[in-house]
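Q: Below are the chains, spelled out letter by letter.
2 protein chains.
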Amino acid sequence: MLEMTSARANQSRIFFSTQREIDLYELEELCDAVGWARRPLRKVKKALENSFLLVSMWEVKGNKKRLIGFARATSDHAFNATIWDVVVNPKFQNKGLGKALMKYTIKKLRNSDISNITLFADPQVVEFYRQLGFMQDPEGIKGMFWYPD
Amino acid sequence: MLEMTSARANQSRIFFSTQREIDLYELEELCDAVGWARRPLRKVKKALENSFLLVSMWEVKGNKKRLIGFARATSDHAFNATIWDVVVNPKFQNKGLGKALMKYTIKKLRNSDISNITLFADPQVVEFYRQLGFMQDPEGIKGMFWYPD
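Top to bottom, those sequences are chains D and H. Heads up: the first sequence begins at 27 in the working numbering, then just goes up one per residue. Heads up: the second sequence begins at 27 in the working numbering, then just goes up one per residue.
Honestly, I wouldn't trust all of these hints.
[Stated by the list, open to error] Below are the DSS-like pairs computed for lysine-lysine, each with C-alpha atoms no more than 27 Å apart in a straight line:
{"no.": "1", "chain 1": "D", "residue 1": "K71", "chain 2": "H", "residue 2": "K133"}
{"no.": "2", "chain 1": "H", "residue 1": "K133", "chain 2": "D", "residue 2": "K133"}
{"no.": "3", "chain 1": "D", "residue 1": "K90", "chain 2": "D", "residue 2": "K125"}
Treat the hints as calculated values from the structure; they're not laboratory data. Predicted, not measured: the structure shown is a model, and the values here were computed from it.
Based on the sequences and whatever the hints tell you, model everything.
A: Given below as structure tokens:
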């Protein structure tokens, strides 16, 4: 399931994968690095198990492998997919790797015959996703959220 | 799995259900009634199978049962759910039944410990969802769509 891309960071190689075995502690470390609020590992485990697609990005140096990026998607396996939890280790940002991660994710969803790929973008990443071809509020469609009181 | 509510239309009773056995032809008929584009039944079947929650609304008159509303949600079973395909038969609209259908759907998702309930609303139903407590673009979060070329 490992696939090499032309993206490189220093002398190391960068790999993308859809393998479903993700070390929860390594993923938590990655999310910590971007300052996300901690989530119960039990719930993270359940969320990964019930995601349609898990995409991980790895730096490989010699025989050492390090999780440096991640994204996942929920889906009905037919029409729609929604991408969540896109994260790239800050030390590996601004090298085009986030873009490569997303392109890989889109390709995998397209290969699964999913036509409608959606996500909810924080204000500071709207432009990032726009450059990848995501449209904001197409035809006036609005993303809406319901939170408990 | 059938649950009665206080909502009534004429002399008939209205039931809500999360039963997963939905007649695909009856659902297609319902979607036809609101003018949706036909979708391949094979894909609809797959989408229903891989949805986290199916909610159906039924009119019961005597021993006859009729599908008059539907909604479904994809989810990671832990953090997020996204509601799709909300439909109410036009003959049963403007009676508060769409609102009842959505409240039932939200309740079921909340009972499953899903905290973040999302959807993508067409412009003409944004106000409907707002009245149900859905917020548009909270904290500047934007719904974004990627379509194939």
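Q: Now tell me if each hint is right for this structure.
A: Going through the hints against the structure:
For a cut-off of 27 Å, the pair hint linking K71/D to K133/H stands: about 24 Å separates their Cα positions. Distance check on the hinted pair: K133/H and K133/D sit about 35 Å apart at the alpha-carbon level, beyond 27 Å; violated. For the proposed pair K90/D and K125/D, the alpha carbon gap of about 24 Å is at most 27 Å, so the pair holds.
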